[in-house]
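If you're matching them up, the sequences are chains E, P and D in order. Just so we're aligned, residue 45 is where the first sequence starts under our numbering, counting upward by one. Just so we're aligned, residue 29 is where the second sequence starts under our numbering, counting upward by one. Just so we're aligned, residue 6 is where the third sequence starts under our numbering, counting upward by one.
Treat each hint with caution, since some may be false.
Quick partial rundown of chain D residues pointing at chain E, CB under 8 Å, derived from the structure [unchecked claim]: (1) L251; (2) L286; (3) V288.
No lab work stands behind these hints: they were computed from the structure. As the structure is a computational prediction, the values presented were derived from the model and not from experiment. Backbone N, C-alpha and C fix where the C-beta goes; we use that ideal spot for every residue, glycine too.
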Amino acid sequence: MSKFLDKGAFLPPSDYKLLPLKFDRLSHGQYVITNFVGEYLVIADDDLHNLIAHTLTPSAAIYPDLLAKHFVYAPGQQAPLQLLALKARTKYARLANFTNLHIFVVTLRCDHSCPYCQVSRQSEDRAAFDMTTEVADKAIEFVFRSPSPAIKVEFQGGEPLLNFEMVKYVVRGTKEKNKVFQRDLQFVIATTLSLLTDEILAFCAEHDVYLSSSLDGPEDLHNANRPRPGRDSHQKFVAGLEKARGALGYDRISALMTTTDKSLPRVKEIIDEYLRLGFGGIFLRALSPYGFAIKTKKFASYDTAEWLNFYKEGLAYIIELNRAGIPFVEYYASIILTKMLTPADPGFVDLMSPSGAGIAAIVFNYDGAVYPSDESRMLAEMDDYKFRLGHLLENSYEEIILSDVLMDALETTYTGSVPMCADCAFEPYCGADPVYHYATQGDMVGRKPESPFCHRNMEVFKHLIELMRDDAEVRRIFYGWANNC
Amino acid sequence: MTLPVLLDFDSQIYSGDALQKAAYRCIDRITVQLERNGSLLSCRIESNLGVDGYDFAQAVEEFQKNVLDYQLRERIRVETEPLRNLVLGIAFSRTGLQGGE
Amino acid sequence: MGQQLLILGGKVIDVRAPVGSHARIVSVSTNAALPIPLRPSRAFLVKGATIPDGFGHYIFLESTDRGIPPLPDGAEFTVLPRNYAYLGDGDIIRISPADAAVRVLFRASSSHNSFLVTEQCNHYCLMCSQPPKRGDDSWIIRDIERAIPLIPKATPELGFTGGEPTLAGEQFLSLLRLAKNHLPRTSVHVLSNGRAFKDYRFARQYADIGHPDIMIGIPLYSDVAPLHDYIVQSNGAFDETIQGILNLKQLQQQVEIRVVIHQQSLPRLTQLCEFLARNLLFVDHVALMGLEMTGFTKANLESLWVDPFDYKDKLSEAVGVLEKAGMNVSLYNHQLCLVNNDVHPYYRKSISDWKNEYAPECDGCARTNECGGFFSSAMQVRYSRHIAPFSPNKR
């Protein structure tokens with residue numbers, strides 16, 4: 045019928061306008077472009093140059109994707125701007141909620157003596173290494189100064205179960221105060237599970253307390269990392285896991301690994317151990333630079349390359365599991381994929397800009413000192429008090445939160461304005477990590493080209509994008525992970 | 029010890045900013061000194077200590093590609109900066125957060 | 006064997022009413038014992054020998070073996086063709102003595118009643134099932150205004166469609182207010198291209214009606230303006246529709262996105278779903294719909310038709326995107342044997358209860374009760390070559 049117009053009457057414009065975008069190189073002579081809310085598109089080299097030179101033709105195959113993902117728009121359109129604004133607001137919404145994670149270090153005493161750990165003490169001296177009720181009371185007050193509708197209280201140590209009385213005190217105290225504030229509370233204890241008793245489990249069941257434990261891999265690897273009298277850390281873990289699952293619910297116990305150089309050649313075995321013990325996923329964690337690693341600069345290049353092999357091999361193995369119909373998630377990837385593939389922000393402290401340290405998470409040490417992150421308290425145990433924000437019994441909430449050291453850290457490390465990060469295409473996925481860069485380079489901003497944090501993350505971002513580029517089924521699997529956060 | 033590489037860039041086409049940013053990106057392997065030389069920007073590129081011949085050559089190649097990339101990035105930034113501010117303004121127009129704490 | 010297509014409007018056999026009288030909108034009653042005060046406003050449908058007194062109008066169904074029995078003096082009546090035998094208690098009809106015409110406006114026994122507000126439209130969709138007409142048809146709205154108060158209060162759901170209902174502007178909003186007023190417990194579903202809501206004041210007026218249970222179904226056929234605008238044949242449509250959606254959601258109104266799947270929308274169907282999940286995650290529902298073989302579809306058949314069997318995997322992919330993002334999805338107007346099992350949780354049996362038919366290929370199928378069957382138009386025009394009955398054990 046002649047009254048219908050053909051497609052020629054509805055072409056995309058040749059005088060398109062660019063929306064803010066950044067780019068970086070991928071493999072195979074391609075680029076990836078990203079917008080400031082984290083949407084990405086793989087684009088051929090000449091398409092990118094044409095795009096920027098405004099010579100891209102309306103019939104270019106990539107043009108619709110550029111429109112749909114808000115890299116370009118037609119003059120006169122309003123919807124792209126409104127949608128971008130909406131997505132930006134969604135992405136930053138969490139910021140206004142401020143602090144969610146509050147870590148209570150209830151004791152430094154521990155039954156393990158892990159070589160990489162900076163913070164444990166083999167001691168019976170409760171007075172020296174346990175949190176007091178006076179400190180706990182102040183900490184609880186501090187918690188409710190946060191406007192966040194969801195509050196997570198996490199107990200760490202040493203081994204928190206060695207001061208279970210304090211755990212109970214804080215749980216009860218927080219819940220009591222919450223009758224007024226009506227927040228959504230969640231409690232977690234970070235523990236090796238070696239000291240679980242029925243009494244402890246009964247309390248956790250009654251108060252909906254989750255357990256977060258450590259599993260480094262198969263028995264020999266795990267025990268080598270985590271010495272304990274009796275050399276039975278792994279055995280204790282497995283026994284504790286079963287007991288805890290029975291008492292609290294199967295999914296109430298999660299596991300995190302610590303990656304050491306011994307882990308690097310054994311990623312499949314580690315994943316198999318997680319599978320064997322019924323976990324739904326694994327977080328393939330980076331090597332920690334703290335402790336002895338900081339002292340040797342060799343850490344930087346060699347270990348990052350090795351770790352990337354470890355990570356890619358592990359991820360490939362997990363993808364094969366998924367292809368075979370076994371649902372199993374790699375959590376680091378899933379956090380990044382949430383940023384890449386959904387409008388939501390996963391709220392992961394280590395990949396936040398402004399830095400999550402101090403605003404998304406805060407640490408109350410056993411002695412009353414306040415730190416913006418776990419790593420900064422570790423630095424303090426090594427006599428570096430750079431990030432000690434204040435003391436609960438000496439300083440007010442305002443003095444601590446508005447302290448110079450925290451403000452400096454947040455402002456100077458904001459990735460939108462530091463060298464290399466400011467122009468980096470992957471900036472929406474990444475984060476500032478002032479404590480890491482201070483610890484490894486002596487400077488909170490750090491020189492990113494020399495930073496294993498940067499190198500590692502850029503490689504992972506590129507790797508995930510390339511995997512999705514090359515395999516539609518991987519994209520589908522990743523899309524499922526992205527929405528589980 | 030590898031010999032330094034000398035490169036000249038036409039300052040009408042390449043900005044000092046782009047050259048500096050490109051140099052910064054490879055700072056873990058090379059150190060670049062920039063000098064104005066009439067209408068040219070001259071770069072003296074030296075390898076860092078411990079960087080062998082192949083890695084140095086690779087870093088120099090990367091430096092040159094980075095120069096082009098950063099030049100392009102500058103162009104995009106100039107063109108789209110007002111739009112970015114506009115969109116963020118729209119995003120937070122109703123939060124009441126403008127105007128400081 | 007399917008139901009016969011119901012006739013909803015046409016000529017009457019005979020009508021007697023005072024000369025020059027206007028069209029009547031009446032509620033049908035089959036209750037001979039209806040309390041007297043309620044009778045003058047109703048039309049009694051005569052099916053047996055009884056003709057109770059006092060009704061405002063009488064309806065007879067044409068029959069060859071008897072004439073019109075004696076009626077109370079001066080009583081008005083209409084004789085309808087036999088194919089209106091489906092009429093029942095609570096139905097609302099419009100009888101126009103001037104042109105001897107009848108139209109069924111509301112069927113109490115149906116769960117999918119819809120008022121067409123106007124046939125005017127500012128789009129010209131390639132697959133439009135209700136091709137637009139120009140010309141002032143505001144009399145339609147006046148009819149609806151008279152019909153709404155007659156609708157049974159317990160009616161679960163009522164629709165407003167067109168054309169483009171918002172072209173009637175304030176009059177359209179009045180209809181919604183009337184519905185809220187008379188039928189506060191009735192869910193309202195509006196079909197609109199959403200462009201009028203780009204005007205924040207109009208969106209505000211709509212929201213201020215404060216209807217307790219209303220949703221607007223707005224079509225989006227692509228993630229990009231050129232393709233969407235082509236399908237609806239209007240430049241600028243996509244941009245304005247999105248602005249309308251954003252205004253409505255900002256005012257906390259319920260919005261459903263409707264997508265018709267055909268040859269034009271299919272290539273970017275997955276990208277559209279990704280676009281929805283990324284940009285419009287907050288909409289209340291997404292309806293994926295099969296092509297209806299009526300209206301303009303027939304004229305554009307060769308550029309629209311695609312056998313659903315050939316796109317079942319892409320459909321699964323698209324549904325997967327929406328479902329993983331946590332959006333509410335429903336799939337309409339498809340036959341059960343043409344879709345993959347993974348979309349069954351989202352498959353809805355039917356979108357309208359009076360258009361369903363089954364094909365000869367359906368004979369012996371064990372799952373017809375779960376399947377929506379076909380629109381009659383599909384039977385006449387075209388349907389999939391891959392229709393195959395489910396055997397009793399096949400899942």
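Evaluation of the provided hints:
1. Interface restraint check: L251 of chain D against chain E, minimum CB-CB distance 6 Å, threshold 8 Å, status holds.
2. Satisfaction of the interface hint for L286 of chain D is found here, the shortest Cβ-Cβ separation to chain E being roughly 6 Å, below the 8 Å cut-off.
3. At a threshold of 8 Å, the smallest CB-CB gap from V288 of chain D to chain E is about 12 Å, leaving the interface hint violated.
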